[in-house]
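Enquirer: What follows is the residue order along each chain.
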Amino acid sequence: MKTKNKEDLKENRLEKATWKERYSHWPWYRRYEFLLFSFLALIALGFALPRPGLPGTLFHWLFIVFYLLLFLVWAGLILTDVEKPNWIKAIAATLILFLFGWLFYRYSGAQWDKLGYVFFNFKVLSETGSYGSTVTGWTELFRGLLITLQIAIFSAIFGTILGLLLAVFRSLNDPILNAFIIIWVDFFRAIPIIVLMMIIYYALPYLNIKLSSTMSGILALSLNSSAYISEIFRAGIESIHHNQVEAARSLGLTTMQTMRLVILPQAMRTVMPPLTSNYVAMLKDTAICSSIAIMELLKTAITLQAWKANPTPLVAATIIYLIILLPLARISTIMENRMKARGVTRTVRRQPKAA
Amino acid sequence: MGEERQVMIETIDLHKYFKDQHVLKGISVKIYKGEVVAIIGPSGAGKSTFLRCINRLEEPSSGKIYIEGVDITSPRVDMNKIRSRIGFVFQSYNLFPHLTAIENIKLAPVHVRKIPEKEAEQKGLELLKKVGLEDKAHAYPDQLSGGQQQRVAIARALAMQPHMIFFDEPTSALDPEMIREVLDVMQNLAAEGMTMIVVSHELGFIREAATRVLVLADGCVIEEGPPRQLFNNPQHPRTKEFLSKIL
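Those sequence lines, one after another, are chains E and U. Heads up: the first sequence begins at 1 in the working numbering, then just goes up one per residue. Heads up: the second sequence begins at 1001 in the working numbering, then just goes up one per residue.
Simulated from the structure, these hints should not be mistaken for laboratory data. None of the values given here were measured: they were computed from a predicted structure. Just so you know, not all the hints are guaranteed correct.
[What the hints assert, rightly or not] Okay, the calculated bits of chain E under chain U, using three or more residues with CB under 8 Å as the criterion: (1) 240-246; (2) 249-257; (3) 261-272.
Glycine included, each C-beta is placed from N, C-alpha and C at the ideal position.
Based on the provided sequences and hints, a complete structural model is requested.
Expert: This is the structure:
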């Protein structure tokens, strides 16, 4: 191996250097031997920590904090080292999180058993539900979820149709029409959904417009989301280069055909990610419907909580919301990343510079 | 050539302002059926604006434009119908990026002319064959080279069976080796007797295919004539200056 010119030697050394050769130039605090040894020492020191429960003296406090800092320095040595592989860094980070949790569990003096009994007492949901009910709390929550989904889906449909229409009319650039649309969008973006919902449900009946509570909820959410969705579509429509319109018009397509066949299909690429995250936000906003006595998921949970005199139903509702919303939020992020990587190229990349 | 010549386009004292900028200063031309008119001139002379005014992609500020005898500056005229008889080929191709080549071509025939989908598809394939791209029918624009995209754009314009085609610097965004393939297609069209207006500085193409050359400078037609005569013996000093720069 000690022949040939310098170039070869350089390449060879990287590939054929032994494990020891590769790390031999590292200072002591970066070496795996040291890190492993110090970790074992820290574990040993852990046995000297004070007994569980709230620490008695200032010395005990200082010792715990010192121990935590030592562990942080140890993990910091690994996490700040660019040459350490990622899986080792992941282990170090997990250990730190675990240590924080363990120290809190050990020394906070928290009443874990009581917390569990009050907030995580899922037995109350297995009994029959609220007053006059013949089904269990779980079934009631599930029915609430169905109503939540029903409101969300109808609001999404109406909101999208309305928002799309607003955006298309906006693109006609008629000054009078635009003024109305801008007022509409600004108004429904500014007014809190809960206020809007209460106006529709409690005030409109005096104008002889009587809507059921579910209808009121759907209407309020649709109006609110129509404002946001129209802005999303407008941004999508405006992102399409004007020469696409010229090409379509020069072929004899009408304004509406151009919109339907050329602009909107291209705009969908940019519109889909923010639209999805808007749907996610709206599914969450259905919880506001509990304020006008719609028995959707949150209202059901609140009723059960009052009847059982126990907040566990709220915790269960939270878990149900998370189970549904987490994947949706994930999907919208994935779509957004995919659009960033691919979507923009189709519309923008091929525009040559004007001569 | 002997028969009576039909006027396809006539502009009378055409003016165009962009805010306070006077871009076209009274252009009056007549273009006859079967003519291939090349428009040359320094940049900023208003060549593209003139072309875009004729099918009202830009609104002319004043003056009259007659297309096949119809005054298209009158507000009562159905511009979409007129435009569907005028092919327009852009410098930046402007293909629809969400559609394949064949879908680009059949979009307008299906939705404007209401030709059945299958018939339009067949016609589209014939046109692709004509521009030498029958194997690229299902490729998206961003999978095609610039020259191929421009040829699809020409086929798209032809699919509407236009009575005339305008070319707005069709080759100036192309790499040199792709210019030839586009010019060949245009030359074939000219040979078939299509009425064409071409804004271009491809002098070789103009010499061979054009029947007349208009020189635009500062919004005016300063000189016109058959290409050979105009190139060999320019009269106007600005034409001489311009030609000396590009020849």
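Enquirer: Run every hint past the structure and note whether it holds.
Expert: Status of the hints after comparison with the structure:
Evaluation of the coverage hint for the region 240-246 of chain E: fulfilled, as 3 residues show C-beta separations to chain U shorter than 8 Å, against a requirement of three. Counting residues of the region 249-257 of chain E whose CB lies closer than 8 Å to any CB of chain U gives 7, which reaches the minimum of 3, so the coverage claim holds. Here's how the region 261-272 of chain E fares: 5 of its residues keep a CB closer than 8 Å to some CB of chain U, so the rule of at least three is met and the hint holds.
Going through the hint list in order, the structure satisfies each hint without exception.
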